[in-house]
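Chains as they are written, first to last, in my numbering: chain S, 4 to 300; chain V, 364 to 596.
Be aware that one or more of the hints could be misleading.
[Claimed, not checked] Below are the DSSO-like pairs computed for lysine-lysine, each with C-alpha atoms no more than 30 Å apart in a straight line: (1) Lys296/S with Lys418/V; (2) Lys411/V with Lys220/S; (3) Lys296/S with Lys433/V; (4) Lys296/S with Lys445/V; (5) Lys220/S with Lys418/V.
[What the hints assert, rightly or not] A short list of chain S residues far from chain V (calculated; beta carbon distances all over 12 Å): (6) Tyr119; (7) Ile175; (8) Val180; (9) Ile265.
[To be verified] Covered stretches of chain S (chain V as the covering partner; in silico rule of three or more C-beta atoms under 8 Å from a C-beta of chain V): (10) 7-13; (11) 197-210.
None of these hints come from the bench; they were simulated from the model.
Note that beta-carbon positions come from the ideal geometry of N, C-alpha and C, so glycine has one too.
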Amino acid sequence: MRAIRIFGRSIRDAFKSVLRNFSLSIASIMCTTITLILVSVAVVCAANIENATKSIEDELSIVVYLNSSVTEEEIENIRADIESQENVADITFKSKTEWKEEMSAYDDTFETVLNYLDENPLMDSFILKVNDVEHLSETSEYIKSITGVDTVKYGEGMVEDIVSAFDVVEKIVVVVVIALIFVTAFLISNTIKLTIFSRRNAIEIMRLVGASNISIKLPFIFEGFIIGLIGAIIPICVTIYGYVILYDVLNGHVFSNMIVLIKPFNFVLFVSLALVILGAIVGMIGSMRAVGKYLKI
Amino acid sequence: MKFIELNNVSKVYRNGVTALANVSVSIDKGEFVFVIGLTASGKSTFIKTLYREEKPTSGTVMVGGLNVGKIRNGRVYKLRRKIGIVFQDFKLLPKLTVYENVAFALECVGMKSSEIRPRVMSALERVGLKHKVRSFPGELSGGEQQRVCIARAIVNRPKLLICDEPTGNLDPDTSREIMKVIEGINKDLGTTIIMATHDRDIVNRMKKRVLLIEHGVLVGDYAKGSYKTHESN
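Let's have the full structure, built from the sequences with the hints guiding it.
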């Protein structure tokens, strides 16, 4: 019961303190707001780059054409050999008959030409998906060397370049996001430290009248929590409205149809949740650290 | 065992200054004791060792059976709840009202609100400030602020009230009123009072036991009423 009372009073005192130290609270809230907006922008960029890389990678497939002379048994051996490659995620066989049907359905001219020939000139093939686009060329080189394989086709060069460029950008953005989170933590906890510095007399008095360390800390921790929450409101609005508008204006993709943006919902909600949690936790930790300094004799 | 016992207590600060040197003294429950001495004589350090704001370098300080010097930082609050402290600069929380300032000492013990209210009101009544409950410290005179400080110190009914120059910032008339309040607490509630002061007028007039500290050494322990006689000789 006693603990609950102390807990309840700490929450009440935290709200009172936010209001009674209004100008200091506003300073902390503004600082939280600005840094959280930066974090939000960085997170949105990172997530979209990650998404674009993923979707390009998913689209990408290697087509392995086999010599027309291969037997059924050889085809099975080639399949086993390809499957043994770690980088191969998925393999499907497409026979020359299937190719013929597909091409005939696609265009009448093909149909006529193909029917005109006695023998099907097309080749049996495997269509592969890879795990890691970075090692695409090595995988394709290996497959090329298997006996019975005629040619290996994929968007050589260009795709790899795009993907590796994206990879670099993504790594940079991730570093920026992590750095920003640290900067946020540092800025918020420093601002709160300043506000608490101005109240070190209050902390001293609390200790003198017999407040335990935890009952001194609790109101400050809740105060940090409240400041973090309030500070997250504007960044959340910016994220939700900003991203939805951006998505509409760009029609869901950037530069070309290949780079698709993440759909606004539920993406913005996840980012908002992350901002709230980040703001609240950083606020709480910042306050805790700052008060702790004044609780030692 | 005496209520307060100091045994060969010495305090040497990090900068090498000796604030207390082998002070031994005992004080009974219900006594009213003045601690006097010039500025920087060590009387503040003496007072601070009683509520564990300073740890003695050597010797033992016992208050109500507790070895004060041995209390860990995280446990100091347990001692503080048993004693009331009145300061020269009042040390009120400026953002809290008079009522909240006094109630604060009980709230941090986790007392029920329904029990806090009558206690706070009776403490404020004792110091004559019942009508100022909603005021903030900044709106009160020095004497009134000191009364709030006293009310806060006695609201948890301590056995010991420590006063560190409570009249240092007040004019003679207000000082007299404050001393009346403190004396009333000693007489009516039986609270032990230890008060550091350099207001000779108060010490002479009230005729209580006096401890005289000079350069950190307890040079005189005058029984009730004997200090003034000693001075006039």
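Hint-by-hint comparison with the structure:
At most 30 Å may separate the alpha-carbon atoms for a hinted pair to count; Lys296/S and Lys418/V meet this at roughly 19 Å. A distance of roughly 24 Å separates the Cα atoms of Lys411/V and Lys220/S; the hinted pair therefore holds under the 30 Å criterion. Taking the CA atoms of Lys296/S and Lys433/V, the gap is near 22 Å; set against the 30 Å cutoff, the hint holds. Restraint check for Lys296/S and Lys445/V: the C-alpha separation of about 25 Å stays at or below 30 Å, so the hint holds.
This hinted pair checks out: Lys220/S and Lys418/V have alpha carbons roughly 24 Å apart, not beyond 30 Å. Under the 12 Å C-beta cut-off, the non-interface status given to Tyr119/S relative to chain V holds; the minimum distance is some 94 Å. The non-interface label for Ile175/S is consistent with chain V: the shortest C-beta to C-beta separation is roughly 46 Å, beyond 12 Å. With a least CB separation of 38 Å from chain V, Val180/S remains clear of the 12 Å interface cut-off, as annotated.
No Cβ of chain V approaches the Cβ of Ile265/S within 12 Å, the least distance being about 46 Å, so the stated non-interface status holds. Counting residues of the segment 7-13 of chain S whose C-beta sits closer than 8 Å to any C-beta of chain V gives 3, which meets the bar of three, so the coverage hint holds. With 6 residues having a Cβ less than 8 Å from any Cβ of chain V, the segment 197-210 of chain S passes the three-residue criterion, so the hint holds.
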